[in-house]
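Going by my numbering, the first residue of the sequence shown is number 1, and it counts up by one from there.
Rather than coming from a laboratory, the hints here were simulated on the basis of the structure.
Just so it is clear, the structure is predicted and the values come from calculations on it, not from any experiment.
Treat the hints loosely; a few may be bogus.
Claimed, not checked - When the alpha-carbon atoms are kept at most 25 Å apart in a straight line, the in silico PhoX-like pairs for lysine-lysine are as follows:
id	residue 1	residue 2
1	Lys681	Lys336
2	Lys681	Lys194
3	Lys194	Lys682
4	Lys563	Lys681
5	Lys446	Lys435
6	Lys336	Lys446
7	Lys194	Lys336
8	Lys442	Lys563
9	Lys286	Lys317
10	Lys194	Lys563
11	Lys285	Lys317
12	Lys194	Lys252
13	Lys336	Lys563
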Amino acid sequence: MSAERLNVIALISGGKDSFYSLLHCIHHGHRIVALANLFPATSGSHGYSTTIPTVQVIDPAEQQLEGTAQVGGPPERDLNSFMYQTVGHEVIPLYAAATDIPLYRQPIVGGAVRHERDYHYDRDHGCAADAQGSVPFGGDDETESMLPLLQAIRARHPDANALCSGAILSTYQRTRVESVALRLGLAPLSYLWKYPVLPGPSSSVPADEAQLLRDMATAGLEARIVKVASAGLDERHLWERVTSDAGVDRVKAALRRFGAAEGASLGEGGEFETVVVDGPARLFKKRIVVPESGRAVVPEGGGSTWLMLRGARLDAKPARAEGDLAVREPALLDAKFQSILESVLSAPQDTDVAPESRGPGRWALLGKSAAAGNASPELLHWSVLADSHIAGRSIQEETSHVVETIRSLLSSASQDSSHITNTIIMLRDMSDFPKVNEEYGKLFTKPNPPSRITISCGDVLPAGRNIAVHITMPNVQGRHDRDGLHVQSRSYWAPANIGPYSQAIEIPVTAGHEPTGLGAVYVAGQIPLIPASMSLPPSSHTSLQQQIVLSLQHLWRIGAEMKIQYWTSAVAYFARPSSADDMEQKAKLAGRAWRLIHAPPEGDEEAESGPDPWDLKYNPRYMSLGGSDQQSTRVALPDWSIFTLRQQNEPESCVPPFFAVEIASLPRQSAVEWHAHTGLKKIDESSLETVHLPEVGAEGWRGWHVIVRTAGALVVHTVLARERSSESGATGFRDLKHAMGTAHRGSLERLGVRVESSADEAPCLSYVDTSSVESLWQDAEGPNGQLSFAVVPCHSLWSSYGERLGCVALYRRAISAYIPGR
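Based on the provided sequences and hints, a complete structural model is requested.
If you want it as structure tokens, here you go:
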């Protein structure tokens, strides 16, 4: 149960999903203050109103409409809105008395004008005002119909601070509800989001796709099918109680005969729609009854048939104690991560010993030698500080200056802030974060802002500076091909990202500015919040281990959703402990969890969650509801099919490099934050190999390479680590860059890659134990407040086996034309 009690407006369509989400709100101790519904108008184009709507209020005690607007008769056709369910709306006025909760209704205004999957409200486009001239109202798209309805509700219920909806797999619907809710200051709640891929009721029996329907039945929700629109479902399925074992089996059997897509048995692709007529006593005080004579079948053509409902009435229910809701809350950890937690808790850390390192040997991908020219600037990396004259001013002024510097850099490179893929924000004091976030957020006005990592480095930042920002983006002019995941609703799946950062951003990997076919995904830093409450787990003697595993699961769920097959490397940031011994143990705990999640697969991996309904309707790859290769593809993380056979026979060598980083503090005072550097996807079978180099020709340095072969290029991700005990004589940025560059060239040469450039190549990102250099920030600053390369200053730096390190550097090189040796 959530510690924070919210006052919720429940957006209902009459269907099963919105009501089951409402039950989860009650389960978490939230109070439902109002029901909200949008219904088809009886005038206007295709049943949509084109005028500013009048909100209708249905008081459960009076059961009458307030105002001049009245609900008209049933429409002659279903609107087939991809945003709102409109079939069965005739019974919705009865929900007020049935639940004893006031109901607010309003006609749908406009149509489905904006077909983008990720919705963005443009205040300057297509806006009108309400009757008083004070409410921004976007009359062009049906999504904006929610705005005046919710504002009218808040006028009567000023304590309302949350909005719940029933989105399960539809990004199209979820992002539209989130857009309106957040503009009104309402916390979006989508407890059913990704519910089908969450742990089932038994760890020994995997949940099938229709488990959600079975859980609804257990909760006492009675949902009847009122529309079918899919091969396999026909008129005979109308008024089927789909929230029952028999109903579930009939629907699944009918859809299976036609190879329906994942999500079909839940109606996620529009296969069927439902209306709820009864539920548990905690919600439904009366039952809705529709006589058989009032259920008229309306064939619409194209396989679509629906019920026009007339003569619905309320029936009293037997008096009974309300009791607890039988609502199933999915387990916090998947079975796999629960097993990892148990292993981390039980195994002594000194049992983990670093394996013997292996050299490149006869490298299967490249042979003996290859020629590589200068690294192409496929990605832009900027590291920005405020100018020295800003020192001593407020954090808002310093952040504003950094933001203006970023804008200037974008303009000079003919780029836009919407092209930024990921950022790292380093603060001196984490308490400054709300003020920093306000200024930083002004950079981003479009959907799917960059993913972000936020940490506090404390006093190891440059003197007089309170913020530094590292930025990465593709060096491409014009249109940018990118995708993103930005879930801002509370759910059971992963923490909501409310603010100017996405869970993940994907861009294509290029070599010589030509596509390689690979995709690179940048995931936001993951802290161990309980998704449903957005709070940290309760403190206990095992809380550190639980936080490590829970935040790692968040990273994995996002990675799986983005179909990542392999991480190039990762770090776990830890808030500064009381002693070096404590930090060593934290590094070992996280390192063990990292190795366990990369263990060879045992049996079948989880299937992906299937295509989004938006894809099914608008993306040519998914236009058919029938099972396709795209829909049935199973993506595991890590995907062992991408490794060469030799590599698969050495499973310990398949684990990407991992490091633990000690910094001052983390958001929400969490103990750990996971940061996977790059997730790779669209990798061909047997085309990836990892190579660990115990020495690279530079004293104290070792290296790891992740190499992916594509049709016309090699993509090489390199990680270099220097022992802390190794004295390199580095006194500042210039020396560090030279030492890193020397180690990088040596590591490539040991792979047989001849690097033609003699200049020191700057790393994409680096971590430096500030105690291992005499003066880290010496010669650091370049023009326009930029650092010469990205550095995260650390209090300490550790390997996954608890070895103390002085420096870690990350490089990426895409070789567009390589010559294999013979």
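Hint-by-hint comparison with the structure:
1. Lys681 <-> Lys336: holds, 22 Å
2. Lys681 <-> Lys194: Roughly 21 Å between the alpha carbons, so the hint for Lys681 and Lys194 holds.
3. Lys194 <-> Lys682: Roughly 23 Å between the alpha carbons, so the hint for Lys194 and Lys682 holds.
4. Lys563 <-> Lys681: Holds. Lys563 to Lys681 sits at ~6 Å (cutoff 25 Å).
5. Lys446 <-> Lys435: holds, 21 Å
6. Lys336 <-> Lys446: Status violated; Cα separation ~36 Å.
7. Lys194 <-> Lys336: Satisfied, since the Cα-Cα distance of roughly 17 Å is no more than 25 Å.
8. Lys442 <-> Lys563: The hint is violated at about 30 Å.
9. Lys286 <-> Lys317: holds, 5 Å
10. Lys194 <-> Lys563: holds, 15 Å
11. Lys285 <-> Lys317: holds, 7 Å
12. Lys194 <-> Lys252: holds, 19 Å
13. Lys336 <-> Lys563: Roughly 18 Å separates the two Cα atoms, so the pair holds.
Hints 6 and 8, counting from the list given before, are not met by this structure.
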